[in-house]
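Undergrad: In the order they appear, the protein sequences are chains A and B.
Using numbering that gives the first Met the number 0, the first residue of the first sequence is number 0, and each one after it goes up by one.
Using numbering that gives the first Met the number 0, the first residue of the second sequence is number 0, and each one after it goes up by one.
Hints listed in this document are in silico derivations from the structure and should not be mistaken for laboratory results.
All of these numbers come straight from a predicted model, not from anything done at the bench.
Don't take each hint at face value.
Just so you know, same-sequence chains aren't split out, so a pair can sit in one copy or run between any two.
What the hints assert, rightly or not - Think about it this way: if two alpha-carbon atoms lie no more than 16 Å apart in a straight line, the pair counts; the simulated EDC-like pairs of lysine to aspartate or glutamate are: (1) 19 to 79; (2) 10 to 72; (3) 19 to 32; (4) 10 to 73; (5) 40 to 53; (6) 40 to 64; (7) 10 to 57; (8) 40 to 29; (9) 10 to 47.
2 protein chains.
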Amino acid sequence: MPTIVVEVMPKAEILDPQGKAVAGALVRLDRSEFTSVRIGKRFELTVDGPITADLLAEARAIANDLLANTVIEDVIYVGEARGADGSQTAAEGA
Amino acid sequence: MPTIVVEVMPKAEILDPQGKAVAGALVRLDRSEFTSVRIGKRFELTVDGPITADLLAEARAIANDLLANTVIEDVIYVGEARGADGSQTAAEGA
Chain A
0 MPTIVVEVMP KAEILDPQGK AVAGALVRLD RSEFTSVRIG KRFELTVDGP ITADLLAEAR
60 AIANDLLANT VIEDVIYVGE ARGADGSQTA AEGA
Chain B
0 MPTIVVEVMP KAEILDPQGK AVAGALVRLD RSEFTSVRIG KRFELTVDGP ITADLLAEAR
60 AIANDLLANT VIEDVIYVGE ARGADGSQTA AEGA
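Excised from the complex, chain A in its bound form (with noise of 0.2 Å):
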């Protein structure tokens, strides 16, 4: 079914404690390439027919009001589902 992709992520200004202990099990574990780890959500909203512009405003509104906390956190992506190959098909930033 087609599906809406929703991605949430905490402000860049925002402590991300689950972000940095992740972070800090890198580098016990001698794993240190990656400097930061910041930790979001990711909504998969299945919808029944095409996916229209219209879908897409809709789902955006729904994240700014629903699915986001936006005094912490930032929408940074709205649009249809990725192909496995990392291609997206239509959409539209956040």
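Here the structure of chain A is known, so what remains is to put chain B in place on it, guided by the hints.
TA: Here is chain B on its own, set in the frame of chain A:
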């Protein structure tokens, strides 16, 4: 800084109570365009230098070892962070 994105979603056959709760809230708010909602995690791993194939392979290993509980979750994507317009520069399906 160059960033590798790792996306983790609950396995399809696994019950997603959080997703169901959000889907229920959408119905109660008369926003019923979306038939189901699933919620996963999005990690951003920041690296100092350029993103190489080795780094992507390391990120995938870390994703499967540490970032996902592979009993109930799938790593669905490991690749460079998407540009704001949804275009993906270099990516490998997870």
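Undergrad: Checking residue 10 and residue 72: alpha-carbon separation at most 16 Å within a copy, between copies, both or neither?
TA: Close inside one copy (5 Å), not across copies (25 Å); limit 16 Å.
Undergrad: With identical chains treated as interchangeable, where does the CA-CA distance between residue 10 and residue 47 reach 16 Å or less: within a copy, between copies, both, or neither?
TA: Neither way: residue 10 and residue 47 sit 32 Å apart in one copy and 21 Å across, limit 16 Å.
Undergrad: Check residue 40 against residue 53 for me: Cα-Cα at most 16 Å, and say if that holds within a copy, between copies, both or neither.
TA: Answer is neither: 23 Å inside a copy and 26 Å across each miss the 16 Å cutoff.
Undergrad: Between residue 40 and residue 64, at a C-alpha cutoff of 16 Å, which is it: within one copy, between copies, both, or neither?
TA: Answer is within; shortest intra-copy Cα gap is 15 Å, inter-copy 19 Å.
Undergrad: Have a look at residue 10 and residue 73 and pick one of within, between, both or neither, based on CA distance no larger than 16 Å.
TA: Result: close within a single copy only, 6 Å intra versus 26 Å inter.
Undergrad: How do residue 40 and residue 29 come out at 16 Å by Cα distance, when the copy is not named: within, between, both, or neither?
TA: Intra 26 Å, inter 23 Å, cutoff 16 Å: neither.
Undergrad: With identical chains, the pair residue 19 and residue 32 could be close in the same copy or across copies; at 16 Å between alpha carbons, which is it: within, between, both, or neither?
TA: within (15 Å within a copy, 37 Å between copies)
Undergrad: State whether the alpha carbon distance between residue 10 and residue 57 is at most 16 Å within one copy, between copies, both, or neither.
TA: Result: close neither inside a copy nor across copies, 22 Å intra and 26 Å inter.
Undergrad: When no copy is specified for residue 19 and residue 79, does a C-alpha distance of 16 Å or less occur within a copy, between copies, both, or neither?
TA: For residue 19 and residue 79, the Cα distance exceeds 16 Å both inside one copy (30 Å) and across copies (20 Å).
When the structure is compared with the earlier hints, violations turn up for hints 1, 5, 7, 8 and 9 and for no others.
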